[in-house]
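The primary structure of each chain is shown beneath.
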Amino acid sequence: MLSKDEVKRIAKLARLELTEKEIEKMQKDMSAILDYFDLLKKAPKVKVEAASTKASASRRDEVVSSHNIRDELITAAPCKKDDYIKVKTIL
Amino acid sequence: MDLTELAIKEAHEGLKKGEFTSVDLTKAYLDKIKKNNKKVNAYLSVTENLALEMAEEADRKIKSGTLEMLTGIPCAIKDAILVEGEKCTAGSKILENYIAPYDATVIKKLKEQGAVILGKTNLDEFAMGSSTENSAFSATKNPHDKTRVAGGSSGGSAAAVAANMAVFALGSDTGGSIRQPASFCGVVGLCPTYGAVSRYGLIAHASSLDQIGPLAKNVEDCKIVFDAIKGKDPLDATSVELGIQNTEFKIKNLRIGVPKEYFAKGLEKEVEEIIREAIKKAKDAGAEIIEISLPSSEYALACYYIIGPSEISANLARFDGIKYGLSEPAENLLDVYLKTRGRGFGVEVKRRIMLGTYSLSSGYYDAYYQKAQEVRELIKQDFKEVFVPPGAGSRSGGKKVDLLFCPVSPFPAFKIGEKTDDPMSMYLADIYTIPLKLAGLPGISVPVGKIKSLPVGLQIIGNHFEEDKIFSIASQIENMVK
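First to last, the protein sequences are chains A and B.
The numbers in our numbering rise by one with no breaks, and the one at position 34 of the first sequence is 34.
For our numbering, add 1000 to where a residue sits in the second sequence, where the first one is 1.
Treat the hints as calculated values from the structure; they're not laboratory data.
Since the structure is predicted, the reported quantities are computational estimates derived from the model, not experimental observations.
Take the hints with a grain of salt, since some may be wrong.
One-sided excerpt, in silico: chain B residues whose CB lies under 8 angstroms from chain A [what the hints assert, rightly or not]:
no.	residue
1	1327
2	1337
3	1355
4	1414
5	1464
With a Cα cut of at most 25 angstroms, we get these calculated PhoX-like pairs of lysine-lysine [what the hints assert, rightly or not]:
no.	chain 1	residue 1	chain 2	residue 2
6	B	1380	A	42
7	A	21	B	1339
8	B	1265	A	42
9	A	28	B	1260
10	A	28	B	1415
11	B	1093	B	1260
12	A	8	B	1093
13	B	1415	A	81
Stretch-level coverage of chain B by chain A, calculated; a stretch enters the list once three of its residues show a Cβ under 8 angstroms from a Cβ in chain A [said to hold, decoys possible]:
no.	segment
14	1015-1024
15	1098-1104
16	1172-1179
17	1339-1345
Idealized CB from N, CA, C, for every residue including glycine.
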C-alpha cells in the first residue's frame, strides 16, 4: 500500500493540490493499479534501444511562416497587461 | 424522406442532383440536435452559425459544379480537436471557456472539401476514459439504451452518428477511444495506423499513441472520411504520406488470424457467439481461418497504463493557469499551479497524472517506465510474427495472416455508473483495443450483431498502413451480416 506521504510527495511533483479525501482515495486506487502493474515482472526480458537513439535524425529547412495568431494567443491568457502575459513574481 | 438517415454517398448524390441543398440538410440536422441532444448529451456545443455559413458556402460550390464528396455534408467533431473561433473544452473544466485560435489540420482538410461542422461532441476529460462518464459536462447516453454508456472516450461522436445527429464524426483513439464507442453505439469506427493522420490541433493526451479517425454510418463512409483527412503534414512530424489505397481485396483470397488470447476468460458468452458467427461467415465466404497466438497480450493493459499516464503527466504540464484556461487566484507562482490544476482537473485526469509522475520518478523509472517500454517491444514483435509482411502477396510466408478478427470489447455497453468507482474495472474495458495501439497498427470496429438492443462490434486489425485491406474486408463483412 502506498503511504499517504508518498501520495503527497508525488502530488507535489505533479503540481496538483489534493484534498484529504482525494489523498485517501488516491492512496487506495493507485495501490490497486500499481499492484496490477506487478504483472510485468514476469514478462521476458528484452533489449530496447533508447527511443532517442532510434529516431532517425532528419533535417528540414526552417521556413518562417506567419500564422498571424499572435493576438488570439495573447487573448487566451487569463492574466495580462497590454501585450504581455502576467505571472507572479518568481524571485 | 428523412434527410438525417442518408449516408455520405446518398447525401452527395442528392446535393449534386439538386434534390435538396446543403442548407436543407444542415437545418434538418440542427433540428434533430435541438430535439434530441438533451436526451443523449452527444454535443457539448452546437456551432449553428458556423454550420449555416458553411452550408451556404457549400451550396455555392455545388452550384458552380466544383463539389467534392464531402461538400455540404454535415459532421460532428470531438471536442478535443480545434475548430478556429469555437470553444474547445476537451471535456474539462480547465478549458471550459477556451476558444481555439486555429484549425486542426483535419479541420482544415474538411473545410477545403466543404464539409459542414455542426458542433463539438462530448468526451471523457482529455479523452481519458472508456465511457464518457469522465466528462466534466456529464455523461453521454447510449442512443440504443439511455440507461447505458455510449462508450468512450469519443462517446459523443459515436452517439451523434448513431442517433442520426451527424452524417459522420471525427474522434481520436489512444487506447480504444474510437473503436469501443463505435462498437457500443453500433457505428463504424476506424483507428488509423499511427502516422496516417496528422494530429496537429488535437489536444494531446499520450503522443506516442494518439490518432485521429472517423466514425460513420457504414464502412464506405468511413473510408471516404479517412481519405479526406489522411496524409503528411509538416506540422506533425509523425505523419507520413500514404500511397493511393484503392486495391480491392477479396475475402476468399485472404488468411484471417483469430488470436486465442482475445477469447479467454472475461469475454461475455453472447459477445463471443456473435464474433464467432462473423468469423464463420468469413470462412464460408472462402477465407482461411487460422487460430494464432499473441502471447504478450496479457501485459498490454499494464504496459499501456504506464506509458499512457507517463506521457500524460508530461503533456498536461502545459495547463499551468498562465497560458490559457482556468487560473485560480493564489499568493505565489507555485500555488497558482497547485490550485489551478487541483481544481481544474477531474478525478481520472489527476489519477493518470499521478500514475505517470510516479512511474517516471526517481527510483521507480526502471521498474515501471523502462520495463513498460521493453514490454511494448514484445507486443510489437507478437504482431510482426503473425502478419504477412507489407508488399508480400497474400498467403505467402508460411502461416502468416492478412488480418486479425477479434472482439472490440469483452461486453456490450454497460450501465451508467456501473464502473465509475473502480478505475481498474474501467481500465479492463480496453483490454482488446489497447495491444494494437502499442504497435501503432490500424483497427476498425464494424457492427456485426446485437444482444437485445445493444450493438456488438467486430474488430478487424491490419498491418501498418493497410487500411485499404481493412476497408475491403470490413465492407464485405458488413454485407454478410445485413
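Can the segment 1172-1179 of chain B be counted as covered by chain A under the rule of three residues or more with Cβ-Cβ separation shorter than 8 angstroms?
-> violated (count 0)
TODO: Quickly compare the C-alpha distance for residue 1265 (chain B) and residue 42 (chain A) to 25 angstroms and report which way the hint goes.
DONE: holds, 20 angstroms
(Q) Checking one constraint from the list: CA of residue 1380 (chain B) to CA of residue 42 (chain A), max 25 angstroms. Satisfied? (A) holds, 18 angstroms
| request: For the pair supplied as a hint, residue 28 (chain A) and residue 1260 (chain B), confirm whether the alpha-carbon distance does not exceed 25 angstroms. | output: violated, 33 angstroms
Mind checking the CB of residue 1337 (chain B) against every CB in chain A and telling me if the closest is under 8 angstroms? This hint holds: residue 1337 (chain B) lies near chain A, its Cβ roughly 4 angstroms from the closest one there, short of 8 angstroms.
Let's test the interface hint: is any C-beta of chain A closer than 8 angstroms to that of residue 1464 (chain B)?
The hint is violated - residue 1464 (chain B) has no Cβ within 8 angstroms of chain A, the shortest such distance being about 16 angstroms.
(message) residue 1414 (chain B) was flagged as interface toward chain A. Is the shortest Cβ-Cβ separation under 8 angstroms?
(response) Violated: closest Cβ of chain A sits about 19 angstroms from residue 1414 (chain B), beyond 8 angstroms.
- [ ] Given the hint that residue 28 (chain A) pairs with residue 1415 (chain B), test it: the Cα-Cα distance must not exceed 25 angstroms.
- [x] Status holds; Cα separation ~24 angstroms.
Point to revise | Stated coverage of the segment 1339-1345 of chain B by chain A [criterion: 3+ residues, CB within 8 angstroms] | key: With 5 residues close enough to chain A, the hint holds.
So is the segment 1015-1024 of chain B in contact with chain A by the C-beta rule, three or more residues under 8 angstroms, or is the coverage claim wrong? violated (count 0)
* Interface restraint verdict for residue 1327 (chain B) against chain A (beta-carbon cut-off 8 angstroms) -> Nearest chain A Cβ about 4 angstroms off; hint holds.
Worksheet item: Are the Cα positions of residue 8 (chain A) and residue 1093 (chain B) separated by 25 angstroms at most?
Response: holds, 23 angstroms
Against the hints set out earlier in the document, violations occur for numbers 4, 5, 9, 11, 13, 14 and 16.
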